[in-house]
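Sequences are here, hints too, so could you generate the full structure?
Just so you know, the sequences run in chain order A and B.
With my numbering, the residue at position 191 of the first sequence is 493, and numbering never jumps.
With my numbering, the residue at position 170 of the second sequence is 1541, and numbering never jumps.
Honestly, the hints are just simulated from the structure, not real lab data.
Accuracy of the hints is not assured; some may be wrong.
Capping the alpha-carbon separation at 27 Å, the derived lysine-lysine pairs in DSS-like fashion look like this [said to hold, decoys possible]:
#, chain 1, residue 1, chain 2, residue 2
1, B, 1442, A, 421
2, B, 1510, A, 421
3, A, 496, A, 477
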Amino acid sequence: MSYQVRLQNFQGPFDLLCHLIEKEKIDIYDIPIAQITKEYLEYLAAWEDMDIDEASEFLLLACKLIEIKAKFLLPRKQEITQEEEATDPREELVERLLEYKIFRRLSALLGQIAIEQEKSFTRAGDNPSDWFPEGRPLEAVTLTDLTEALRAVLKQADCPQTLPLREKKISIGEKIQELRQALKRSNSRLWFKKLFTKTNDPLDIIVTFLALLELIHRGELKAYQENSFGDILILRCGE
Amino acid sequence: MITIYQSLLALIEALLFVSGAPLTLEEICAAANLPSADAQLALQELQRQYEGEDRGIQLRSVAGGYQLCTKAEYAPYIENLLGRREKNILSQAALETLAIIAYKQPITKYEIERIRGVRVDSVLNTLLEKGLIKETGRKAAPGRPILYGTTKYFLTAFGLQELQDLPPIPPPADS
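Okay, structure coming up:
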C-alpha cells in the first residue's frame, strides 16, 4: 500500500487503474478483478479529505469494478447460451482502458514534441489577421469617437444629467403638524384624495397615511365616506 | 538573371521576416506578385541557405505554410536574453485531452470524457483560450452537442505541416 501516492496526482480513474495494472505487471486482457478492485479501493480509502466532486469519477469506476467482481461471484446459469458465454464482464472495461492507454501514450508524445518546439523561437507578435479574421475591430476608431458614441446613447436613453440625492425623511410627528396646519387653512375639512396629489413619493404617501390614522386614533379627526369607493371627507373633531 | 533570382530570395525573406505566423505559398505569391513555381523554387533555395552552420535561423514548413524560427541549439542563449520565460508547457490533463481531440476530431465533450473517464470542462476552456482547439460545429445528435477540433495554431505550435504528420497511433499492446 503506497500511502505516499496522492490520488490527485492521477489524471483520473483510468490513470490510476493503468498504474495499478502496470505496477503489478498484470496482463490487461486477463485482469484479476478481485485483486485489482481491492487495491483500487485501498487507494480510495487512503484519500484524505475526500472531496466528493473530485472523487465522484473515481467512485464511479469503483462501482464498475465491484459490479464486475459481483458478476464473477454469481453462480452461472447451467444452460448458458453461446452468446452469453462469449461475453466477459471485463470486456467493456478492458476496451476503454486500452483506448485510454493509447491516448495517454500519444499525449506523452505530444508533450515531447511541445518541449522540442519550445526551443525554436519565432518572431514575437503573431499575424493580426489570425486573431481578427474580419479585420482589426478598432482600426481607425479614436477615443473621441467612443466618447461621442457614449454621449449619443445616453442622450437617447434620456438619462437625467443629475440625479436627486434623497436625504429628506419625514417623521410622522412632522406630518401630523403639517396636517393640522392644512386643516386650519381649509376650514377644518379636507378631502382624502387631495392629501396625496402633491406627491408621488411612496414614503411620503405612507407617512401621510400613518399620520392621518394617528390623528383619528387620538380623536382629533374624523373620517366620513358617503358611499363605497367614494372620496373620504376628513373633519376636525368639534367642528 | 542571377541578380533577379537573388533579389527574389531577398524579397521572400523580407515577407517571412515581418510575419510571425506561417505564411502560405498563396500569401507569398500574392504579396510578391510571383507565379507559385518561382516562389516555391526560391523558398527551397532559402531553406537550403538557412541550413548552413553560419545561420541561426531556419525556414521551416509548418501548418501548410512557411515560417522563420531560430535553431533549437541556440535556445539556451535566447533564454538568457529574454530571461527564463514562463514555459508554456501544457498539463498532463490538457495534453491527454488535446491528443484525443487531435486524433479523433471532430469530437464532442462527452466523447472525450468517455475516453478519459473524467470531466474535461475546465481543460477544454484552457485549450480554447490558448487557441489550440476551436468549435468546429455541432453534432447531428440529441442536444446538438458542440464538436471540437484543432486549430491552425495547433499545427504551428507542434511544428506540424498537417494533421497527417501527427505521430502514428501505437498498437494497443505497445501502449
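Query raised in the report: Straight-line Cα separation of residue 1442 (chain B) and residue 421 (chain A) no greater than 27 Å?
Result: Distance of about 8 Å is within 27 Å: holds.
Requested in this report: Decide if the proposed pair is consistent with the structure: residue 496 (chain A) and residue 477 (chain A), CA atoms, cutoff 27 Å inclusive.
Outcome: Holds - the C-alpha atoms of residue 477 (chain A) and residue 496 (chain A) are around 15 Å apart, at most 27 Å.
**Report entry** Agreement of residue 1510 (chain B) and residue 421 (chain A) with the hint, judged by alpha carbon distance not exceeding 27 Å
**Finding:** violated (38 Å)
Checked against the numbered hints above, the structure breaks only hint 2 and satisfies the rest.
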